[in-house]
Amino acid sequence: GAVVSQHPSRVICKSGTSVKIECRSLDFQATTMFWYRQFPKQSLMLMATSNEGSKATYEQGVEKDKFLINHASLTLSTLTVTSAHPEDSSFYICSASFLAGAQGETQYFGPGTRLLVL
Amino acid sequence: AQSVTQLGSHVSVSEGALVLLRCNYSSSVPPYLFWYVQYPNQGLQLLLKYTTGATLVKGINGFEAEFKKSETSFHLTKPSAHMSDAAEYFCAVSGISGTYKYIFGTGTRLKVLA
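So the sequence lines, in the order shown, correspond to chains A and B.
Using this note's numbering, you'd call the opening residue of the first sequence number 1 and step up by one each time.
Using this note's numbering, you'd call the opening residue of the second sequence number 1001 and step up by one each time.
Please keep in mind that the hints were generated in silico from the structure rather than gathered at the bench.
Possibly wrong hints are sitting among the right ones.
The calculated lysine to aspartate or glutamate pairs, modelled on EDC-like cross-linking and capped at a C-alpha distance of 20 Å, are [as the list claims (entries may be wrong)]:
1) A:K41 - B:E1088
2) A:K41 - B:E1071
3) B:K1101 - A:E105
4) B:K1058 - A:D88
5) B:K1101 - A:E59
6) A:K41 - A:E87
For reference, chain A alone in the conformation it holds in the complex (with noise of 0.2 Å):
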């Protein structure tokens, strides 16, 4: 169980285009989701929180026009990288939780996007 899929795995795209990266929970309805970023033999760094139905919370200095997020059902998130660019490239990572808030809650996490800005 809590199983939770992104799509797509792999994306490469141009610069100045927008991709936008699918976050499910499979079998559980995940109350919230969160959105990390990884760079290359580094740790998580978490963007933004999500909630269902509202809007997301961004970690201080995680450009919001930017990194679009939105948590439109209990199973489903989608980030969308708005004019990416080459800097952009990195493996995004989500995961997702049953309850809103609540600590030492397990967070159940996604098997990454890795995104190639050319």
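Following the hints, complete the assembly by docking chain B onto the known chain A.
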């Protein structure tokens, strides 16, 4: 500032040897603690977690970890390493300063030698 420290960015062990990956946190209030494993180009898989209760926690794939409040530690161990254990391991905490967000350690890459 609250933080999570994983000593040793790279650890090598022989197949069959003890695995010990270290994790220390800085917080006056015991947080919730997690260990995740990441295989190349994949997401994170939960190995085990500590919330309350018994301080020795058993997880998947033969791993276990012990929460030691006095040492602010949550080290991960496995009695006998297997080649398939080679991966990146992340310690994470939540509940610090009342937040449910994870704070991740920098990760430890485990290499298992034949």
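- Item | Straight-line alpha-carbon gap K41 (chain A) to E87 (chain A), limit 20 Å | OK: K41 (chain A) and E87 (chain A) at ~16 Å, within 20 Å.
- If you draw a straight line from the CA of K1101 (chain B) to the CA of E105 (chain A), is it 20 Å or shorter? Distance of about 9 Å is within 20 Å: holds.
- Given pair status - D88 (chain A), K1058 (chain B), alpha carbons within 20 Å: 38 Å, violated
- Message: Does E1071 (chain B) sit within 20 Å of K41 (chain A), going by the straight-line distance between their CA atoms?
- Response: 28 Å, violated
- Task: Assess, step by step, whether the Cα of K1101 (chain B) is no farther than 20 Å from the Cα of E59 (chain A), and give holds or violated.
- Result: Given that 20 Å is the threshold and the Cα spacing comes to 11 Å, the pair holds.
- Task: Below or equal to 20 Å on CA atoms is what counts here, so check K41 (chain A) against E1088 (chain B).
- Result: 9 Å, holds
Violated hints, listed in ascending order, are 2 and 4; each of the other numbered hints is respected by the structure.
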